[in-house]
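Taken in sequence, the protein lines are chains A and B.
One point on numbering: in our numbering, the residue at position 51 of the first sequence is 51, and numbering is uninterrupted.
One point on numbering: in our numbering, the residue at position 298 of the second sequence is 298, and numbering is uninterrupted.
If you are wondering where the hints come from, they were derived from the structure by calculation, not from laboratory data.
Note that the coordinates shown come from a computational prediction; the quantities given were computed from them, not determined experimentally.
One thing to keep in mind: the hints can contain errors.
What the hints assert, rightly or not - Straight line, CA to CA, 20 Å or less: simulated SDA-like cross-link-like pairs of lysine to any residue:
#, chain 1, residue 1, chain 2, residue 2
1, A, 52, B, 217
2, A, 52, B, 410
3, B, 491, B, 65
4, A, 52, A, 11
5, A, 52, B, 196
6, A, 52, A, 13
7, B, 366, B, 410
8, B, 491, B, 57
9, B, 491, B, 410
10, A, 2, A, 55
11, A, 52, B, 140
12, B, 366, B, 460
13, A, 52, B, 304
14, B, 491, B, 61
15, B, 366, B, 304
The chain contents come next:
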Amino acid sequence: MKLTDTYFLTFAAMLFTIGAVGFLVRRNVLVMFMCVELMLNAVNVTFVAFSKSLNDISGQAIVFFVLVVAAAEVAVGLAIIVAIFRRRRGGATADDIDLLRG
Amino acid sequence: MNLAAQTPSIDWLAIAPVIALVIAALVIILLRSIVRHARWVYGASIGIGFAGLVAAALFLTCQWSEVSDSGPFLTLDDMVAIDGFAVFIGVIVLIAASLALLLSSKYLARQGIESRPEYVALLLLSAAGMLVMSTANDLIVVFVALETLSIPLYVMAAYDRRRARSLEAGMKYFVLGAFASAIFLYGIALVYGGTGTTSLSGIADFLASVTLLSEGTLIAGIMLLLVGLGFKIAAVPFHMWTPDVYDGSPTPVTAFMASATKAVGFAALIRILFTGLDLYRDDWRPAIWALAVLTLVVGSVVAIAQTDMKRMLAYSSISHAGYVLIGVEAGTREGLQSALVYLLVYAFMTVGSFAIVAVIGRRDDKHLIEDYRGLGRDRPVLASLLALFLLAQAGIPPTGGFIAKLGIFAAAADAHSYSLLIIGVVASVVGAVFYLRVILVMFAGADEESDIPAADHSRVDGPTTAVLALCAAFTIWFGVLPTIVLEFATKAQLIF
Numbered sequence: 001m002k003l004t005d006t007y008f009l010t011f012a013a014m015l016f017t018i019g020a021v022g023f024l025v026r027r028n029v030l031v032m033f034m035c036v037e038l039m040l041n042a043v044n045v046t047f048v049a050f051s052k053s054l055n056d057i058s059g060q061a062i063v064f065f066v067l068v069v070a071a072a073e074v075a076v077g078l079a080i081i082v083a084i085f086r087r088r089r090g091g092a093t094a095d096d097i098d099l100l101r102g
Numbered sequence: 001m002n003l004a005a006q007t008p009s010i011d012w013l014a015i016a017p018v019i020a021l022v023i024a025a026l027v028i029i030l031l032r033s034i035v036r037h038a039r040w041v042y043g044a045s046i047g048i049g050f051a052g053l054v055a056a057a058l059f060l061t062c063q064w065s066e067v068s069d070s071g072p073f074l075t076l077d078d079m080v081a082i083d084g085f086a087v088f089i090g091v092i093v094l095i096a097a098s099l100a101l102l103l104s105s106k107y108l109a110r111q112g113i114e115s116r117p118e119y120v121a122l123l124l125l126s127a128a129g130m131l132v133m134s135t136a137n138d139l140i141v142v143f144v145a146l147e148t149l150s151i152p153l154y155v156m157a158a159y160d161r162r163r164a165r166s167l168e169a170g171m172k173y174f175v176l177g178a179f180a181s182a183i184f185l186y187g188i189a190l191v192y193g194g195t196g197t198t199s200l201s202g203i204a205d206f207l208a209s210v211t212l213l214s215e216g217t218l219i220a221g222i223m224l225l226l227v228g229l230g231f232k233i234a235a236v237p238f239h240m241w242t243p244d245v246y247d248g249s250p251t252p253v254t255a256f257m258a259s260a261t262k263a264v265g266f267a268a269l270i271r272i273l274f275t276g277l278d279l280y281r282d283d284w285r286p287a288i289w290a291l292a293v294l295t296l297v298v299g300s301v302v303a304i305a306q307t308d309m310k311r312m313l314a315y316s317s318i319s320h321a322g323y324v325l326i327g328v329e330a331g332t333r334e335g336l337q338s339a340l341v342y343l344l345v346y347a348f349m350t351v352g353s354f355a356i357v358a359v360i361g362r363r364d365d366k367h368l369i370e371d372y373r374g375l376g377r378d379r380p381v382l383a384s385l386l387a388l389f390l391l392a393q394a395g396i397p398p399t400g401g402f403i404a405k406l407g408i409f410a411a412a413a414d415a416h417s418y419s420l421l422i423i424g425v426v427a428s429v430v431g432a433v434f435y436l437r438v439i440l441v442m443f444a445g446a447d448e449e450s451d452i453p454a455a456d457h458s459r460v461d462g463p464t465t466a467v468l469a470l471c472a473a474f475t476i477w478f479g480v481l482p483t484i485v486l487e488f489a490t491k492a493q494l495i496f
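Excised from the complex, chain A in its bound form (with noise of 0.2 Å):
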């Protein structure tokens, strides 16, 4: 069996779709933080296929971009999520966040 870039991108976008349901169904803000990553990286396989099959090498250095924000964005993400549960014992669980209603 040979490899064709079709396999990466279909593995990537359900690697994607995984991320992406998994953010929309799951209550626990770490697990959904989990899934927006699974989602980032999904995207870093699409960017490499592509690069591959264009024969770009810029889709490879856009990788290295978002491994970077992806960085910052836990960082921060996992200081707000320190912040909130110190007020409150007990578990990280979305529906505990309920001052707010949209």
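Given the coordinates of chain A, assemble chain B onto it according to the supplied hints.
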């Protein structure tokens, strides 16, 4: 062997405003970490912050004269575009940042918020990201700028750490913002796959020279880009976070988010659609049409049902995004100008309104519209100013809001988008209802005894007075003598 990397030529003037803001932010952080707890650090950081903003404004002026003299230009390997459009959006960002800094200067102390110098640094870093976004001519630059402006905003929304509502606002903004960024990024990946480049000019060139056999990837990418940016400009149906985040954040942060973030969100949207995807106009116009209709209808109708002042203003800011979208949908040069003018006027109106909300706020951090009953008697000046800002948002002459709405509707009529024009006019009539309701509550209730526990009518501090005066002056000035700003907007064209 020559290992020297080929670096693109850099026009330093193009990025000088961003550098000024980042240097100011770094100086504040250094100062804070060296002197730690000295009392004067906060005052000094506000001074440094304003120095950075003024320097950035000066560099923007230089860019403006450069653009007027020798035309717009691309630099940094075509990643940064300096044109009238970027300068105009940059002006909105710097104005919003300065007003927000003025508003915050006493507010933070009054609310007992700690680590105040860092707040100034975060504000400057966010403004720096916004300036990058207004000049970004490459999708990856848009993405990095989007994150640079959002990450400090997540922290600022959660800045009042002792209040659960503020933390919750930061949390919601962060989680949904990260989700939207991921979707936006997937859109970039698909557009890259469809066209082989992320540069907006490159995409335009590619689409002009090649007939795509299958457009599926590209169209899907465009739609995902629209979803991602829809979150940032708070367009319905991607607006769910807006009322909660605007409500829970410290009020000066809300003012900054509402004015500046929306302006740069639109800047990126307009640049992507007009520069990169101009040939796909027939594909994106219906999508923008649908977004505009939903945003206008939901924003205006749901605002009527609100009992909380901050949430009402949040929904009204959603409906304002709808009006700007009408200008974008027109797809013409006039539509673009009217959108720019609207964003500028809107920045003043909304910062003015939130400045008053910041003054009237109660200790328990609720902002019920009922608390404003009798304000016309107790604080006639404040009440009149709030009435002015609300009338301007409703688009009643002779305020700036009227000229701005008129420009949008004229552009829609020119582009033959009559359906959108009618919906816009109806929405602005509905909008007048909820603005007038607040004004009625303030003035009509004046005879009754207002013994609502509420309304800790605190004194207006100096910086807030300055903000109110500036916003009111601009709102009236633009309503009476709009020519100067309109001429500025006419020259603020996109590079093509």
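Hint check:
A distance of roughly 16 Å separates the Cα atoms of residue 52/A and residue 217/B; the hinted pair therefore holds under the 20 Å criterion. Among the hinted pairs, residue 52/A with residue 410/B is inconsistent with the structure: their alpha-carbon atoms are about 48 Å apart, more than 20 Å. Of the pairs offered as hints, the one joining residue 491/B and residue 65/B holds, with about 11 Å between alpha carbons and a cut-off of 20 Å not exceeded. Using a Cα cut-off of 20 Å, the hinted pair residue 52/A and residue 11/A holds, with the two alpha carbons roughly 15 Å apart.
Pair hint residue 52/A plus residue 196/B holds up; C-alpha atoms about 11 Å apart against a cutoff of 20 Å. For the given pair, residue 52/A sits about 17 Å from residue 13/A by alpha-carbon distance, which is consistent with the 20 Å threshold. Using a Cα cut-off of 20 Å, the hinted pair residue 366/B and residue 410/B is violated, with the two alpha carbons roughly 39 Å apart. Distance check on the hinted pair: residue 491/B and residue 57/B sit about 18 Å apart at the alpha-carbon level, within 20 Å; holds.
Only pairs whose Cα atoms come within 20 Å are accepted, and residue 491/B paired with residue 410/B is accepted, the gap being roughly 18 Å. With a C-alpha separation of about 18 Å, the suggested pair residue 2/A and residue 55/A falls inside the 20 Å cut-off, and the hint holds. For the suggested pair residue 52/A and residue 140/B, the alpha carbons sit about 18 Å apart, so the restraint of at most 20 Å is met. Pair hint residue 366/B plus residue 460/B holds up; C-alpha atoms about 19 Å apart against a cutoff of 20 Å.
The suggested pairing of residue 52/A with residue 304/B is violated, with an alpha-carbon distance near 53 Å, which exceeds 20 Å. At most 20 Å may separate the alpha-carbon atoms for a hinted pair to count; residue 491/B and residue 61/B meet this at roughly 14 Å. For the given pair, residue 366/B sits about 18 Å from residue 304/B by alpha-carbon distance, which is consistent with the 20 Å threshold.
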